[in-house]
Amino acid sequence: MLNYHDLLQAVGDFKERIDYMMGRLTNKGNVINSNHAQGVLIMEGCSANIVSNHILSSLKANIALGGEGTKNTRVVKNLIERGKKEGIFVVEGEEELVIYKNLICSNETGIVLLHSCGEIEQNKLNGNET
Numbered sequence: 005m006l007n008y009h010d011l012l013q014a015v016g017d018f019k020e021r022i023d024y025m026m027g028r029l030t031n032k033g034n035v036i037n038s039n040h041a042q043g044v045l046i047m048e049g050c051s052a053n054i055v056s057n058h059i060l061s062s063l064k065a066n067i068a069l070g071g072e073g074t075k076n077t078r079v080v081k082n083l084i085e086r087g088k089k090e091g092i093f094v095v096e097g098e099e100e101l102v103i104y105k106n107l108i109c110s111n112e113t114g115i116v117l118l119h120s121c122g123e124i125e126q127n128k129l130n131g132n133e134t
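Numbers 5 to 134, taken from our numbering, label the letters of the sequence shown in order.
Worth flagging that the hints you see were computed from the coordinates, not collected in a lab.
Bear in mind that the values here come from a model prediction, so they are computed numbers and not experimental data.
Check each hint, because a few of them may be wrong.
[Unchecked claim] The calculated label-pair distances, taken between Cβ atoms and stated as ranges, are:
id, residue 1, residue 2, range
1, K128, K89, 16 to 24 angstroms
2, N76, Q126, 31 to 39 angstroms
3, V35, Y104, 19 to 27 angstroms
4, C121, N37, 26 to 34 angstroms
5, K105, K75, 18 to 26 angstroms
6, Q126, T30, 32 to 40 angstroms
7, E99, V55, 18 to 26 angstroms
8, L107, T30, 13 to 21 angstroms
9, E125, G71, 20 to 28 angstroms
10, S38, E133, 31 to 39 angstroms
11, V35, H119, 27 to 35 angstroms
All C-beta atoms in this analysis are idealised placements derived from N, C-alpha and C, irrespective of residue type, glycine included.
Could you build the full structure based on these sequences and the hints that come with them?
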C-alpha cells in the first residue's frame, strides 16, 4: 500500500508523463551554457514553461520558439545572456505566449518577434547590441 508521500510522487510522475506526451514541458532551474545552436528550442506543436534558468552563450538564439501549438509557452524569471544572436527569438508566436520578468543582457539582440503576438511584460534588457 502506498503512503501519502509515495502517492503524491506517483501522481506527480504521472502528470509529468502526460505533460510530456501532450507537448507541455517544464524547464526549471537549469544552467544551459555554450550550445552550438539554440539553448532552448520549442518547435511547432509543443509548449513549455521555461522558468528560473540561466541560459547563456548559445551560438544562435538562447531561446527560440514559434509556430502553431506553442501558444501556452511561458518564459518567466530567466537570466538570458551572452548569446551570439537573440536572447529570445519568436516566429509566429500566438496570443497566449508570455515572456515575463526575465533579465536579458549582453546578447546581439534582446527580443525578436516575427509575425507574433503575446504578452511581454516587466523584462529587463541591458547591454544588448541592438
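Hints, one by one, checked against the model:
no., hint, verdict
1, K128 with K89: 16 to 24 angstroms, "19 angstroms, holds"
2, N76 with Q126: 31 to 39 angstroms, "20 angstroms, violated"
3, V35 with Y104: 19 to 27 angstroms, "21 angstroms, holds"
4, C121 with N37: 26 to 34 angstroms, "31 angstroms, holds"
5, K105 with K75: 18 to 26 angstroms, "20 angstroms, holds"
6, Q126 with T30: 32 to 40 angstroms, "21 angstroms, violated"
7, E99 with V55: 18 to 26 angstroms, "20 angstroms, holds"
8, L107 with T30: 13 to 21 angstroms, "20 angstroms, holds"
9, E125 with G71: 20 to 28 angstroms, "22 angstroms, holds"
10, S38 with E133: 31 to 39 angstroms, "19 angstroms, violated"
11, V35 with H119: 27 to 35 angstroms, "31 angstroms, holds"
The earlier numbered hints that this structure contradicts are 2, 6 and 10.
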